[in-house]
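Student: Fit chain B to the known structure of chain A by using the hints.
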Amino acid sequence: NAGVTQTPKFRVLKTGQSMTLLCAQDMNHEYMYWYRQDPGMGLRLIHYSVGEGTTAKGEVPDGYNVSRLKKQNFLLGLESAAPSQTSVYFCASRGSSNTEAFFGQGTRLTVV
Amino acid sequence: GNSVTQMEGPVTLSEEAFLTINCTYTATGYPSLFWYVQYPGEGLQLLLKATKADDKGSNKGFEATYRKETTSFHLEKGSVQVSDSAVYFCALRSLKEFYFGTGTSLTVIP
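In the order they appear, the protein sequences are chains A and B. Residue numbering for the first sequence follows the numbering used here, beginning at 272 and increasing consecutively. Residue numbering for the second sequence follows the numbering used here, beginning at 1242 and increasing consecutively.
Simulated from the structure, these hints should not be mistaken for lab results. Please note: incorrect hints may appear among the correct ones.
Claimed, not checked - Partial selection, computed: residues in chain A whose CB lies under 8 Å from chain B:
1. L293
2. A295
3. Y319
4. V321
5. F361
6. E371
7. A372
8. F374
Said to hold, decoys possible - Non-contacting residues of chain B with respect to chain A, defined by C-beta distances greater than 12 Å in every case (computed):
9. V1252
10. T1265
11. E1310
12. G1319
13. T1343
Note that beta-carbon positions come from the ideal geometry of N, C-alpha and C, so glycine has one too.
Chain A with its partners taken away, still in its complex shape (with noise of 0.2 Å):
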C-alpha cells in the first residue's frame, strides 16, 4: 500500500543546475500539490493539479515548472536553482471524494 511515493528524498544541488521531482500516487487521486516547508512558515502550495493534463499556480510558484501528463504522477521542476529553493518538499493528493490529502515522505533539496 505505497499511497504517496516521492523520488529523491535527498538531494544537493549547486546554484543553476535545473532537476526535476517525482510525486506518484496509486489511489487514482484526481488532485495534486506540491508544497514547500521552511522553518516557522508552516506549508507553503507552489503547483497543484485537478487532474490529468491540468496544473495551476499556488502561493510561492515562481521559479517552478509542473507538468501533470499521468493522472498517477505530478512533477515538479527546477530550471535553475537558487540557495532560496533550499527545503523540504512535500506532494500530497487527494481524490474527489475525500476530505482530506495524503502526504509523501517529503525531498530535502539543498542547494549551494
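Tutor: Below, chain B without anything else, positioned relative to chain A:
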C-alpha cells in the same frame, strides 16, 4: 481570503499533562478543518478532521471541535504521552486548496 493561525511553540509538557493547541481560521464559504501531525523526518499524517460546524473530530485521544461562531478548531488531549512529541499543523480546505498554519512543535518529557 483564507488563512490559518495557530499558537506558536515550542510547547513542552510533562507526561500525562493536558494539551491545548489553539487554532483559528479565516475562510470564505464553509471550509473543512484538519489537524495533521508530523513526526521527525516524515511527511504529514492526518490526525483528525471536521467537515461542518459543531462537528467533533477525534483520534488517538485527541479531539477538536469545529466552532463556526469563534472560527476556531483547537486541539486537545487529556493526557499526553512521550510518543505524542511531534509537530502539529492546523489546516483548512476551501474548494480545491489547503491552507496550513505554521505548525506547533510539542515535546513531552517523561
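Student: Run every hint past the structure and note whether it holds.
Tutor: Hint check:
Because the smallest distance between the Cβ of L293/A and any Cβ of chain B comes to about 15 Å, over 8 Å, the interface hint for this residue is violated. The beta carbon of A295/A comes no nearer than 14 Å to any beta carbon in chain B, farther than 8 Å, and the hint placing it at the interface is violated. Interface hint status for Y319/A: upheld, as the beta-carbon distance to the closest one in chain B is roughly 7 Å, under 8 Å. For V321/A, the suggested interface contact is upheld, since its CB lies about 6 Å from the closest CB of chain B, less than 8 Å.
For F361/A, the interface hint holds, the least distance from its beta-carbon to any beta-carbon of chain B being 6 Å, beneath 8 Å. At its closest, the beta carbon of E371/A sits 5 Å from a beta carbon of chain B; the interface hint therefore holds under the 8 Å criterion. A least Cβ separation of about 6 Å between A372/A and chain B falls short of the 8 Å threshold, and the interface hint therefore holds. At about 4 Å, the closest approach between the beta carbon of F374/A and any beta carbon in chain B falls short of 8 Å, and the interface hint on this residue holds.
The beta carbon of V1252/B is kept farther than 12 Å from every beta carbon of chain A, the shortest such distance being approximately 15 Å. Its beta-carbon lying about 14 Å from the closest one in chain A, T1265/B satisfies the requirement of being farther than 12 Å from that chain. No Cβ of chain A approaches the Cβ of E1310/B within 12 Å, the least distance being about 22 Å, so the stated non-interface status holds. No beta-carbon of chain A is positioned within 12 Å of the beta-carbon of G1319/B; the least distance is around 24 Å.
Not every Cβ of chain A is farther than 12 Å from the Cβ of T1343/B; the closest lies at roughly 4 Å, contradicting the non-interface assignment.
Consistency with the previously given hints fails for numbers 1, 2, 13, ordered from lowest to highest.
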